[in-house]
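Q: Residue numbers (my numbering), protein chains in the order written: chain D, 1 to 203; chain A, 1 to 203; chain Z, 1 to 203; chain Y, 1 to 203.
There may be inaccurate statements among the hints.
Put simply, identical chains are the same to the list, so a pair is met inside one copy or across any two.
What the hints assert, rightly or not - List time: in silico BS3-like cross-link candidates among lysine-lysine, alpha-carbon distance up to 27 Å:
1. Lys17 <-> Lys198
2. Lys120 <-> Lys69
3. Lys69 <-> Lys17
4. Lys120 <-> Lys9
5. Lys126 <-> Lys69
6. Lys156 <-> Lys133
7. Lys120 <-> Lys17
8. Lys133 <-> Lys200
9. Lys200 <-> Lys126
10. Lys9 <-> Lys156
11. Lys200 <-> Lys69
12. Lys120 <-> Lys198
13. Lys133 <-> Lys202
14. Lys126 <-> Lys156
15. Lys108 <-> Lys202
16. Lys108 <-> Lys9
17. Lys126 <-> Lys198
18. Lys9 <-> Lys69
Hints are computed from structural coordinates only; laboratory data are not their basis.
There are 4 protein chains.
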Amino acid sequence: MNQRADIVKAIHFLHQKGWAPATSSNYSFRESGQSNFYVSQSGMDKGDFGEAHFLEVDADGNPVNDSRKPSAETLLHCAVYQLFPAVHCVLHTHTVLNTVVSQVFQEKGCLELQDYEILKGFSGIKTHEVSIKIPIFANTQDINALSIELVDFVRKNDPELRAFLIAGHGMYTWGATVADAKRHVEVVEFLLECEYLKLKLKA
Amino acid sequence: MNQRADIVKAIHFLHQKGWAPATSSNYSFRESGQSNFYVSQSGMDKGDFGEAHFLEVDADGNPVNDSRKPSAETLLHCAVYQLFPAVHCVLHTHTVLNTVVSQVFQEKGCLELQDYEILKGFSGIKTHEVSIKIPIFANTQDINALSIELVDFVRKNDPELRAFLIAGHGMYTWGATVADAKRHVEVVEFLLECEYLKLKLKA
Amino acid sequence: MNQRADIVKAIHFLHQKGWAPATSSNYSFRESGQSNFYVSQSGMDKGDFGEAHFLEVDADGNPVNDSRKPSAETLLHCAVYQLFPAVHCVLHTHTVLNTVVSQVFQEKGCLELQDYEILKGFSGIKTHEVSIKIPIFANTQDINALSIELVDFVRKNDPELRAFLIAGHGMYTWGATVADAKRHVEVVEFLLECEYLKLKLKA
Amino acid sequence: MNQRADIVKAIHFLHQKGWAPATSSNYSFRESGQSNFYVSQSGMDKGDFGEAHFLEVDADGNPVNDSRKPSAETLLHCAVYQLFPAVHCVLHTHTVLNTVVSQVFQEKGCLELQDYEILKGFSGIKTHEVSIKIPIFANTQDINALSIELVDFVRKNDPELRAFLIAGHGMYTWGATVADAKRHVEVVEFLLECEYLKLKLKA
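Generate the whole structure from the sequences, applying the supplied hints.
A: Here is the structure:
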């Protein structure tokens with residue numbers, strides 16, 4: 001297993017899909033048994049992203065022996081790793097559909113997904129007969145506040161949280177491995193597209 | 001003719017189209033004159049799928065000298081091969097459009113397609129002036145029951161069945177060769193997209 | 001200038017766009033000063049199309065020293081070359097949007113395009129302030145009758161015809177060179193998509 | 001830094017996205033401290049565009065020691081370079097969505113964008129809580145008149161203008177570097193798609 005090579009390959013897949021436009025999106029991986037992790041450098045065109053564009057940060061998001069700037073949203077990665085010890089990869093996407101759907105459903109506070117076979121793409125889900133709720137947080141530039149809100153939400157409402165949306169901003173998901181996290185991105189983006197297409201039929 | 005190389009090439013085409021996201025979808029081929037067939041291994045990212053990722057199963061779907069797990073939906077492949085002796089390839093896709101259209105039309109029980117030139121892409125169809133019905137089955141995790149339902153449907157209602165949908169899940173089609181089955185996938189996915197686009201104009 | 005290499009490159013571009021699914025679509029080129037021309041072989045997957053997959057036919061569409069079957073729609077190519085002596089390439093596409101838009105506008109008999117800058121992509125058009133009418137013919141399997149209808153339409157109604165649609169079937173356009181014909185395909189498919197998107201806003 | 005190689009790479013990215021169909025679109029770069037600049041040759045298929053397809057023009061758009069024809073819209077590039085001394089790259093796209101959205105919003109005179117995280121992709125923007133107005137000019141073949149209208153608009157209304165639309169025609173944006181200009185294209189095209197998708201829900 002080579003996490004660093006795997007996540008770079010996954011990033012190029014996400015970029016090629018158009019899910020990381022305009023230097024947006026950020027990604028991280030954590031090695032087994034470590035609290036430090038590796039997060040993508042700020043401001044890179046993801047089409048040019050390579051293995052050297054990760055920098056090590058500690059569990060609070062401070063760079064370790066590195067003068068480069070980590071992603072502005074590193075604290076959200078810290079929160080996910082703190083909440084879920086089994087997680088080793090966090091992926092964030094900026095897509096047209098996660099932007100629009102998160103805005104449309106923001107008032108409801110979450111997107112509820114059920115009766116889709118592809119829900120089985122989430123680790124541990126064995127049937128389409130489940131209901132998965134993806135919370136939608138308001139967008140803010142205060143990432144510290146948002147990371148506290150996230151930790152609070154998970155502890156109080158959904159200790160098995162699988163993904164979340166930030167309205168008009170994007171989607172975060174994660175997994176025990178890079179492959180799991182990448183698969184979860186594909187599941188959520190697929191379902192956001194389904195939900196949008198059904199919304200239009202009702203409009 | 002090299003079925004194994006042909007189907008791997010077809011799988012990469014389907015994956016590149018976005019029709020096999022999140023390790024979903026499964027595929028098989030049967031050699032001429034055989035009852036055993038080769039089905040895709042469970043849980044693979046189809047972008048990484050290679051010739052070694054098929055395993056031999058018998059006509060009842062049991063692995064032959066192989067400890068790997070065949071696709072969870074192998075029994076549907078068994079049913080198709082049992083129903084149609086001339087078939088040598090079965091392809092299954094999970095697409096946003098087959099998910100949504102199968103849900104929207106589920107109450108009607110089928111999708112009826114007519115007056116499209118591309119219907120001639122189905123083997124044996126020589127004119128657009130036909131009506132092809134694609135049945136929509138309810139989704140279930142009991143694949144054995146679904147395969148019995150499929151066999152029953154074909155025998156009672158449509159011995160020339162060309163494809164079927166499972167609501168919120170995906171589409172199955174097949175052909176005498178890998179090329180025929182791949183072409184049938186393209187025909188059905190094209191028509192599902194047409195039907196969705198026309199639905200929106202009526203909405 | 002190498003027409004044969006140019007048209008194969010153009011075909012791969014069209015196939016990669018998804019505009020030639022399921023072995024559909026056909027293409028031809030005519031060398032300077034010749035009445036015979038080269039038309040694509042019937043039934044090929046266009047992703048596998050190469051220079052050897054053209055066969056020579058005479059001005060009436062009969063194969064010249066070739067036992068292969070030319071495209072079923074060769075007579076439409078014959079009609080275009082007969083009508084427009086300056087044309088050296090004819091391209092036909094089967095797209096989801098030309099299928100749907102041709103069905104939606106069929107009753108009107110044509111699609112009228114105006115006030116689009118991209119209309120200047122048609123050879124000889126110097127301003128967006130034009131109106132281009134693309135007629136929509138009913139689909140038929142009698143290609144001979146359709147080719148007569150086309151010749152008749154051009155002579156009576158539009159001697160400068162640039163493209164036509166066949167309802168639920170596809171689009172034909174052409175040009176003095178392969179590059180011109182390819183550019184015309186891009187113009188028409190772009191405009192069909194624009195028209196569909198505006199139709200939805202009105203729906 | 002190699003501006004010429006960078007812009008060719010960016011052009012291929014834009015072409016591959018389908019944002020430069022049918023030989024449309026034009027691009028330029030200006031070296032540091034120069035008033036002359038390099039603009040794309042007229043009428044090229046952007047899939048075939050290479051470093052040799054730029055020609056030098058002076059600040060008024062006249063070719064310098066070159067008999068080739070610069071893009072018909074060179075005067076708009078001249079206007080942008082004159083207005084914004086810090087700009088070194090101007091990119092123009094012809095997309096289905098910028099065509100349709102510019103027509104739909106033309107009466108309003110501009111498209112107003114706010115509450116999108118991706119607005120931070122514009123150089124100098126640090127929060128989604130901004131409102132960016134993209135003016136929509138009427139299309140015309142009199143590029144000289146349009147360039148005067150643009151200069152006038154910027155001086156009177158928006159000295160920090162970041163992009164503009166021409167109705168039914170396309171979008172222009174620019175940046176201090178090729179990377180900045182390319183990122184701005186991605187931001188605007190992303191937002192035009194979001195706005196279109198939300199428009200449909202209201203329709």
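Q: Against each hint, give a clear statement of whether it holds in the structure.
A: Outcome of the hint check:
no.: 1; hint: Lys17 <-> Lys198; verdict: both (22 Å within a copy, 21 Å between copies)
no.: 2; hint: Lys120 <-> Lys69; verdict: between (37 Å within a copy, 17 Å between copies)
no.: 3; hint: Lys69 <-> Lys17; verdict: within (26 Å within a copy, 30 Å between copies)
no.: 4; hint: Lys120 <-> Lys9; verdict: both (23 Å within a copy, 26 Å between copies)
no.: 5; hint: Lys126 <-> Lys69; verdict: between (40 Å within a copy, 16 Å between copies)
no.: 6; hint: Lys156 <-> Lys133; verdict: within (14 Å within a copy, 41 Å between copies)
no.: 7; hint: Lys120 <-> Lys17; verdict: both (22 Å within a copy, 21 Å between copies)
no.: 8; hint: Lys133 <-> Lys200; verdict: both (21 Å within a copy, 25 Å between copies)
no.: 9; hint: Lys200 <-> Lys126; verdict: neither (29 Å within a copy, 33 Å between copies)
no.: 10; hint: Lys9 <-> Lys156; verdict: neither (35 Å within a copy, 48 Å between copies)
no.: 11; hint: Lys200 <-> Lys69; verdict: neither (41 Å within a copy, 39 Å between copies)
no.: 12; hint: Lys120 <-> Lys198; verdict: within (20 Å within a copy, 30 Å between copies)
no.: 13; hint: Lys133 <-> Lys202; verdict: both (21 Å within a copy, 25 Å between copies)
no.: 14; hint: Lys126 <-> Lys156; verdict: within (25 Å within a copy, 32 Å between copies)
no.: 15; hint: Lys108 <-> Lys202; verdict: both (17 Å within a copy, 18 Å between copies)
no.: 16; hint: Lys108 <-> Lys9; verdict: neither (35 Å within a copy, 43 Å between copies)
no.: 17; hint: Lys126 <-> Lys198; verdict: within (24 Å within a copy, 34 Å between copies)
no.: 18; hint: Lys9 <-> Lys69; verdict: both (22 Å within a copy, 26 Å between copies)
In this structure, the earlier hints numbered 9, 10, 11 and 16 are contradicted, and the remaining ones agree with it.
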